[in-house]
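Asks: Those protein sequence lines, which keep their order, are chains Z and W.
Numbering-wise (the working numbering), the first sequence opens with residue 1 and increments by one.
Numbering-wise (the working numbering), the second sequence opens with residue 452 and increments by one.
One or more of the hints may lead you astray.
Computed Cβ-Cβ distance ranges for the label pairs, DEER-style [claimed, not checked]: (1) W:M731 x Z:N273: 44 to 50 Å; (2) W:I498 x Z:K290: 49 to 55 Å; (3) Z:G135 x W:R571: 49 to 55 Å; (4) W:D586 x Z:D176: 26 to 32 Å; (5) W:L721 x Z:T326: 37 to 43 Å; (6) W:M593 x Z:T381: 26 to 32 Å; (7) W:R602 x Z:N444: 33 to 39 Å.
Keeping only pairs whose Cα atoms sit at most 25 Å apart, straight-line, the calculated BS3-like set for lysine-lysine is [stated by the list, open to error]: (8) W:K496 x Z:K441; (9) Z:K441 x W:K513; (10) W:K496 x Z:K243; (11) Z:K433 x W:K496; (12) Z:K100 x W:K496.
Where chain W lies over chain Z, by a calculated footprint (3+ residues, C-beta under 8 Å) [unchecked claim]: (13) 211 to 224; (14) 270 to 276; (15) 405 to 417; (16) 438 to 449.
Source of the hints: derived by calculation from the structure; they are not laboratory data.
Where is the CB? At the ideal position from N, CA and C, for every residue including glycine.
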Amino acid sequence: MYKMKAIYVWLTMMLMMTALAACGGNNGEQPGTAAEGSDQPASESPASAPAKDPVTLTFLIPNTDDVTPYNEIFKAFEEKTGNKVEVQALPGGDYDNMLKTRFSTGDFPDVFLMQPGTKQYVKLRADETLYEWSGEAGVWDNVIDSIVEFQKNADGKAYGVPFGKTGMMGVFYNKDVFAKVGVEPPANYADLIEIAKKVKAAGITPFYEGVKDGWPTQVFYLTGWVSQVDQEIGDEGVRKLDKNELKLSEIAALKDLFVKSKELKELGLFQKNTLSGTFDELQNEMGEGKVAMAFMLDGILPQLEKKFGKDFVRDKIGFFPFPSATDTGTAMITPPNQLMVPSKAKNLEAAKELVKFMISSESVNMFYASHPGIPIFKGATSELYPVQQTVQQYIDSGKSKVNVQNRLTASFLDLGKTLQSFHISGDVDAAIKEMDTNYVKDGNSKRLEGF
Amino acid sequence: MERKKYPLFFSFPAIIVFLLFFITPTVIGIYYSFTDWNINADEIKFIGLDNYRELFNEPRLKKAFTNTLIFAAAVTVLQNVTGIALALILNEKLKLRNLLRMIFFMPYVIAPLVIGYIFRAIYHPEHGIVNRIFDSVGLDSMMQDWLNDPRFALFTIIVTDIWRVAGFSMVVYLAGLQFIPKDLTECASIDGASYWTRFKHVVFPLLAPAFTVNVLLAMIGSMKVFEIVMVLTEGGPGYTTEVFYTYIRNTFSSGEMGYATAINMLLFVLVTLVGVPVLMAMKKREVEM
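All chains, full assembly: derive it from the sequences and hints.
Replies: Printed below as a string of structure tokens:
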């Protein structure tokens, strides 16, 4: 009995010591960082020499983005300034909401990556929360003029600094499969369907749709928009949509996109289990030649490169836009992401210094070396993949259009969910009505004029 | 014998904590459900019943409401049936009885999120163990996409949750069984009562307090289901497994705080409307020993 008591006492003491050890420690600082002077602006130290009192900056990024090039840039930044950067990758699907929640609780990151467009300024109430860059020296000199304009809102203010590359969405295809079946990229939409039928007859899945993930299903509609909806409503129609003077359900060409998607399903041109389709499986199936085509964004390229190598992406992957009824269609491009700094960031000066470092030619070239893409910086060099060269040709010939989501202030809220339901029910009218309702709801929630 | 009465102020610390951390947020929540509180707006305005009017015209909420009721009813019934069965079996003198009790209770102490991730792998249409078993015994036709097929998704979540919580019911029933005097069941046995008759007329009536606790906890818990749905299907595919809390989460995260609070209030009323009559009905049939 005495022995047992002694054991209990020892156990209790050990537990208490463990708890105390866990409570103590680094006063909330990151391991290996200096605790003192952490709110000292880093810019007071010369950028070329490490700061005397280095700080740790927080950088938020969606986990759907590859952090490799960012880590390389941040390593170089640390070597140059002594300041560390802690990368926090948040879930892509909840990124905006988690960011807004952190803003509303005053838990500001130092720098964060955001999707393109001035609509983000509205979403984040930029005039109250974000640092304004339009008059900042050393930021805009190397940015391509059209991108500079795109960054500014109606008042000429820019709350984000563009970073990355011009993105693209459309149809990515496996060239080996096309060669095996003996088909070429389509001349129009009817041609696309014929190609898909031939692929199916050869025992290969024509299209892969990642319905389970939700977001991949949107690409069909967004790429289809620039090739056929924009032709019907024009820029004026988009302006009316932006002011809620036009309803999505009134656009015949949009309804036609839903009809076309339903037709693909009814013709059996998607993979067998569309509802369990994921982005990850798409990469595997396309890489292995089991799938011929996918409506997708260029985010698939680094993933394919990781799994199948650079040569595969360069030699075996092709691209064409969503074809229209009469021609090869319009290439859909997405403006670059943007770097934003909260005006109440804990290390505001160091954060600004980081942004400037990230857009320096040294960093930009470092980024393009691991993420080749159509550059947005003057004098930047990037080895383009053939699929990106295809898009560049469309841009050069004036056959490209920016993603409608980047031209509208309100968003197509929960479109992925709407399209999942549409895949189950096949009810075109219900789907377009829901898309319309959610769009208005988002405009209303953002307190936009006209909603 | 007169019971000793303690001074009233002994309860003050508990009352203060209760007022501060439960009553105050609840009252504030009720107020916010009548406002247009939105993360994108500068000011919060009182809008009366507008949020509630909007609620009743929302088809997605109707789906969430139906799914929540189906889930709650199925889980409450099956969790208790399984719990009683396990408790009766593990109340017998079996070898490894304590080990088995621990094994059946263990899922309850694992976080629902972890269980969700494990079961996502188990239900995987191609590599999951469920379909692999069907395949290996030649039952190919039984192989399904358990979580992504709208016909099976809700059913699959229900089964997973029952696996998770049945052990808890078992423990409560086991505790109840320990309080039933052995001489009562032995008398019934001597009188020639079968096992089923003994259970129906002796054991089950005396298990009534445990039954009340289990049914009530299961019902309230399952009406507030969230994590297991979130991690297994996120309310999908589409809205086929949407429940109250996945809808509330979605609304909260789109910044509509006032509206989301109104949905929460609706759920609060619903739980009360279902819970109180059930509690009263079951209290009536409890037997004093």
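Asks: Against each hint, give a clear statement of whether it holds in the structure.
Replies: To see whether the hints hold, each was checked on the structure:
1. W:M731 x Z:N273: 44 to 50 Å: holds, 48 Å
2. W:I498 x Z:K290: 49 to 55 Å: holds, 54 Å
3. Z:G135 x W:R571: 49 to 55 Å: holds, 50 Å
4. W:D586 x Z:D176: 26 to 32 Å: holds, 31 Å
5. W:L721 x Z:T326: 37 to 43 Å: Since the Cβ atoms of W:L721 and Z:T326 sit about 55 Å apart, the hinted range of 37 to 43 Å is violated.
6. W:M593 x Z:T381: 26 to 32 Å: Taking Cβ atoms as reference, W:M593 and Z:T381 lie about 57 Å apart, which means the hint is violated.
7. W:R602 x Z:N444: 33 to 39 Å: Holds, at about 35 Å.
8. W:K496 x Z:K441: Holds, at about 18 Å.
9. Z:K441 x W:K513: Holds, at roughly 18 Å.
10. W:K496 x Z:K243: Given pair W:K496, Z:K243 holds - Cα atoms ~24 Å apart, limit 25 Å.
11. Z:K433 x W:K496: Between Z:K433 and W:K496 the Cα gap is close to 29 Å, so the pair fails against 25 Å, i.e. violated.
12. Z:K100 x W:K496: Holds - the C-alpha atoms of W:K496 and Z:K100 are around 21 Å apart, at most 25 Å.
13. 211 to 224: With 3 residues in contact (Cβ-Cβ under 8 Å with chain W), the coverage given for the region 211 to 224 of chain Z holds.
14. 270 to 276: holds (count 3)
15. 405 to 417: holds (count 3)
16. 438 to 449: holds (count 4)
When the structure is compared with the earlier hints, violations turn up for hints 5, 6, 11 and for no others.
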